[in-house]
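Here are the chains, one letter per residue:
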Amino acid sequence: MSAPLVLGIETSCDETGVALVRGKDLLFDAVASSMDEHARFGGIIPEIASRAHLEAMVPTIRRALEGADVDLGQVDAIAVTAGPGLVGPLTIGAAAAKALSIGLGVPLYGVNHVIGHAAVDELVHGSFPDQVMALVVSGGHSSLLLVDDIVTGVTELGSTLDDAAGEAFDKVGRLLGLPYPGGPHIDRLAREGDPTAIRFPRGLTAAKDQAEHAYDFSFSGLKTAVARWVETRTDAGQEIPVADVAASFAAAVADVLTAKTIAACRRHGVSTLVIGGGFSANSQLRDLAAVRCAEAGIELRIPPIRFCTDNGAMIAALGSAALSRGVAPSRLDLPVDSSMPLIRVTV
Amino acid sequence: MSDLEVHVELADADATRDYGRALAGLLRAGDLVLLSGALGAGKTTLTQGIGAGLDVRGQVASPTFIIARVHPSLGAGPALVHVDAYRLGSLDEVEALDLDTSLDESVTVVEWGEGLLEGLAPDRLEIDIQRPHGGLDLGVDDLDPADLDPADLDPAGGVRTVRVRARGPRWSGVRLPVVG
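Chains as they are written, first to last, in our numbering: chain A, 1 to 347; chain B, 348 to 527.
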């Protein structure tokens, strides 16, 4: 008998993602983005994000079902992002999921978006070993998770105390006069610059921070240091070596993320690292993680980019995992939670 | 005229948090706080102090990406709604934020909200935070890292100058804290 068929819905931010997963096999993944609509308005407007999800929901579900070549009637369970994310968009996804759950008479699983970013790797690279370390980095998140079991045994070792890694890239991009979002531009410029040109600070790496914040991240001070460095040069009438600033900044981010993650792997005796979330596309992070994991004898697993950005497969994967462990389904009045703690995998 | 204004100097990030904690002692459900200041001024740091003072759940981090994050109270007090208008194109009304939480029952702190929200709320605290501009000792005009004094780049370092303005009848007669 084949594993249950799970339909996953992701709406935490700009992407409307719907995917169908059977066990650990991805049947189809459909994504619609509202980024173009936000660009028209010159910024994000939460109400427009919600409307875009509302308009995209039914067509995206239909596209996923057609792509997977299944009927709605064959779906055994619904999984949906319960948080963290934008409240309005989360509410649209949850409403759709509840309607499907009631209409089809199948259980509903509200799951954690950040943990979904790690769970999706099982669809790509196969089942996790007994323990994995997961670094989830994106525009909105930077979290280090020790995973004994993706549903019942996730421990948050650390997270950012201020800015997420991708957010710091976007803000430094603005400081350097690059178009929004600045992340990809800094990544490109950094490849042309000297990463050792400027020794920018590594947040929370001082000895005094090790007791409380060994595995937490802080990128706000780094951002401020870049701002003041650029201001100092500008005030002195000197040119800004943009590629060197970008390279030195990107090196600082990649250094801290990988150093703390590898230290956590060693501390906990973990030999597999999963990096997920949109910022895992960053080439400085990928390169340094590959080098340091090889040195430390750690297997590095990074899903392809389309599974690192927000998608429905990650939610279906986590829902499928919850179902397979016999976790109780969520209540039909499950609330969405913009600041859902990482200790909650399901609600 | 009920406007009040105080100026405060805060030595470092901890002092900024302490000041936020002191402000939290004055804040009650329905209050609106608008924070302004350059990138890296310490807006989120101040909000961390407010969150600690209000005793709310979760790490108070930058909400830039998520636009708004709701931190429920761990006790009986108001929730903290932490909003960041940095990525917003415009904001005609607070309702456009699409929050699931009643602002009447929460303390709402908005970063980058200047010029967007003033007309909507007669009662508000406007807090402007200034960090040191430039001023790093970069030595000669080369990029030798040895020319950088790490202490100059200490993220917690650098005095912040804070101006707090209380607007509207809500704040009439309220004494604003002058130290954390």
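By construction, these hints were calculated from the structure, which means they are not laboratory data. Given the structure is predicted, the values throughout are model-derived calculations rather than measurements. One or more hints might be untrue.
[Unchecked claim] Just a sample of chain A residues kept apart from chain B, beta carbon distances all over 12 angstroms, derived: (1) L65; (2) D69; (3) V70; (4) G105; (5) K171; (6) A211; (7) A227; (8) T232; (9) R266; (10) A281; (11) L332.
[Said to hold, decoys possible] Pair ranges (Cβ atoms, derived): (12) B:V521 / A:Q131: 52 to 60 angstroms; (13) B:G466 / A:A290: 47 to 55 angstroms; (14) B:A358 / A:A328: 47 to 55 angstroms; (15) A:P341 / B:R375: 34 to 42 angstroms; (16) A:Q131 / B:P469: 27 to 35 angstroms.
Glycine residues also receive a C-beta, built at the ideal position from the N, C-alpha and C atoms.
Cross-check of the supplied hints:
Look at L65 of chain A: its CB is around 28 angstroms from the nearest CB on chain B, clear of 12 angstroms, so calling it non-interface holds up. A cut-off of 12 angstroms between C-beta atoms confirms that D69 of chain A is not in contact with chain B; the least separation is 36 angstroms. Interface exclusion of V70 of chain A from chain B stands, the closest Cβ pair being 33 angstroms apart, more than 12 angstroms. With a minimum CB-CB distance of about 27 angstroms to chain B, G105 of chain A clears the 12 angstroms threshold, and the non-interface call stands.
Annotated as non-interface, K171 of chain A brings its C-beta within 12 angstroms of a C-beta of chain B; the closest such distance is 6 angstroms. Under the 12 angstroms C-beta cut-off, the non-interface status given to A211 of chain A relative to chain B holds; the minimum distance is some 16 angstroms. The Cβ of A227 of chain A sits about 5 angstroms from the closest Cβ of chain B, inside the 12 angstroms cut-off, so the non-interface label is violated. Not every CB of chain B lies more than 12 angstroms from the CB of T232 of chain A, the least distance being 4 angstroms, so the non-interface label is violated.
No Cβ of chain B comes within 12 angstroms of the Cβ of R266 of chain A; the nearest lies about 25 angstroms off, and the non-interface call holds. At roughly 16 angstroms from the closest C-beta of chain B, the C-beta of A281 of chain A stays outside 12 angstroms, upholding its exclusion from the interface. For L332 of chain A, the condition that its CB be more than 12 angstroms from all CB atoms of chain B holds, with the nearest at approximately 17 angstroms. With their beta carbons about 53 angstroms apart, V521 of chain B and Q131 of chain A fall inside the hinted range of 52 to 60 angstroms.
Distance hint check for G466 of chain B and A290 of chain A: the Cβ-Cβ separation is about 52 angstroms, which falls inside the suggested range of 47 to 55 angstroms. For A358 of chain B paired with A328 of chain A, a C-beta distance near 51 angstroms keeps the hint of 47 to 55 angstroms intact. Taking 34 to 42 angstroms as the suggested C-beta distance range, the pair P341 of chain A and R375 of chain B does not conform, at roughly 26 angstroms. The beta-carbon spacing between Q131 of chain A and P469 of chain B, approximately 56 angstroms, falls outside the hinted interval of 27 to 35 angstroms.
Of the numbered hints listed earlier, those contradicted by the structure are 5, 7, 8, 15 and 16.
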